[in-house]
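Numbering (UniProt numbering), first residue to last: 1 to 260.
Incorrect hints may have been included.
[Said to hold, decoys possible] Only pairs whose alpha carbons sit at most 25 Å apart, straight line, appear in this in silico BS3-like list of lysine-lysine:
id : residue 1 : residue 2
1  : K208      : K145
2  : K259      : K152
3  : K7        : K91
4  : K26       : K152
5  : K74       : K26
6  : K26       : K150
7  : K26       : K145
[Stated by the list, open to error] The following label-pair restraints were derived from C-beta to C-beta distances:
id : residue 1 : residue 2 : range
8  : A151      : S206      : 28 to 36 Å
9  : D71       : P247      : 49 to 57 Å
10 : N123      : D71       : 23 to 31 Å
11 : R184      : F84       : 28 to 36 Å
12 : S70       : A111      : 19 to 27 Å
13 : F250      : K208      : 43 to 51 Å
14 : D246      : G28       : 31 to 39 Å
15 : N6        : D246      : 50 to 58 Å
Just so you know, these hints were derived from the structure itself, not from any lab.
The beta carbon of each residue, even a glycine, is placed where N, CA and C say it ideally should be.
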Amino acid sequence: MAGPSNKSDEILAALRDFTQYYPDDKAGIIMTAELTQLGAIDIWLMFLFYDGPSPPAGVFDNFTRIAHVSDNTKTRSYSELLTFNNFGVIKTEIYTIATEMIPLPSVEVGADFLGAIYDNWRNTTESVIDAAGVIGSIAFQPIPKRLARKAKEAGGDMLDLDDDIDRIILEFDLSWLSTLDSERMDVATQQFYSGSRNLVEQYQASGKLPAEAYLPLFANDAYYRQDYFGRLRTADFARTVRDAYDPSGFFASRTGGWKP
Numbered sequence: 001m002a003g004p005s006n007k008s009d010e011i012l013a014a015l016r017d018f019t020q021y022y023p024d025d026k027a028g029i030i031m032t033a034e035l036t037q038l039g040a041i042d043i044w045l046m047f048l049f050y051d052g053p054s055p056p057a058g059v060f061d062n063f064t065r066i067a068h069v070s071d072n073t074k075t076r077s078y079s080e081l082l083t084f085n086n087f088g089v090i091k092t093e094i095y096t097i098a099t100e101m102i103p104l105p106s107v108e109v110g111a112d113f114l115g116a117i118y119d120n121w122r123n124t125t126e127s128v129i130d131a132a133g134v135i136g137s138i139a140f141q142p143i144p145k146r147l148a149r150k151a152k153e154a155g156g157d158m159l160d161l162d163d164d165i166d167r168i169i170l171e172f173d174l175s176w177l178s179t180l181d182s183e184r185m186d187v188a189t190q191q192f193y194s195g196s197r198n199l200v201e202q203y204q205a206s207g208k209l210p211a212e213a214y215l216p217l218f219a220n221d222a223y224y225r226q227d228y229f230g231r232l233r234t235a236d237f238a239r240t241v242r243d244a245y246d247p248s249g250f251f252a253s254r255t256g257g258w259k260p
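Can you make the complete structure from the sequences, with help from the hints?
Spelled out as structure tokens, the structure:
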């Protein structure tokens, strides 16, 4: 589904409620705002997923009732779903990706905090909006506490999320055409996640967000400048596994990605 940017307040409120009151373990959403060169495209893309032939009534009502300009939701096979999503891949552009994790704010704080997160992204994207071919996006990916609970029940994972709070993973993307713009895109990418992190800390300091929230980074989206293992409380365990199974560094020295 696609909706106009002037529905941001409604979309962010629906996102917050979906995360807290997570209606169905088979349901998933990604709310993505997108802004392109000189504001030519300024929209929300609402990705709604249900692991079944069709969602029960009410699962996505908070989103479908928001005025939107297109709706192509339908039952698809997994292969059809993945192929359809290729529309967003532009092979001629340079890409960066970054991430941050935030606690879910209460309903009293939600509009203010999520609005500030959105504004940091939007203002930063607008600072480079004249770059050739630029596309900026922010994706809100809910991580309800029930997902963390299920991961624990299945034996746990590297993120080791507790089920004390609900969370949202933020994904920031920039793409552009010319290497002449790469330096300022690097600055903008850093502002995406550092600005979001600063907002979390400000709201924690004022008692509006849980002060002791565990907020690791999602490795798949992390920027190369971000300190992935510095935010991960299982880092020592990762090093133990590395030392036990790759004591000579054979794999570590021959692969990319994050190293404990």
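Looking back at the numbered hints, which does the structure fail to meet, lowest number first?
-> Hint 3 is the one this structure does not satisfy, whereas the remaining hints hold.
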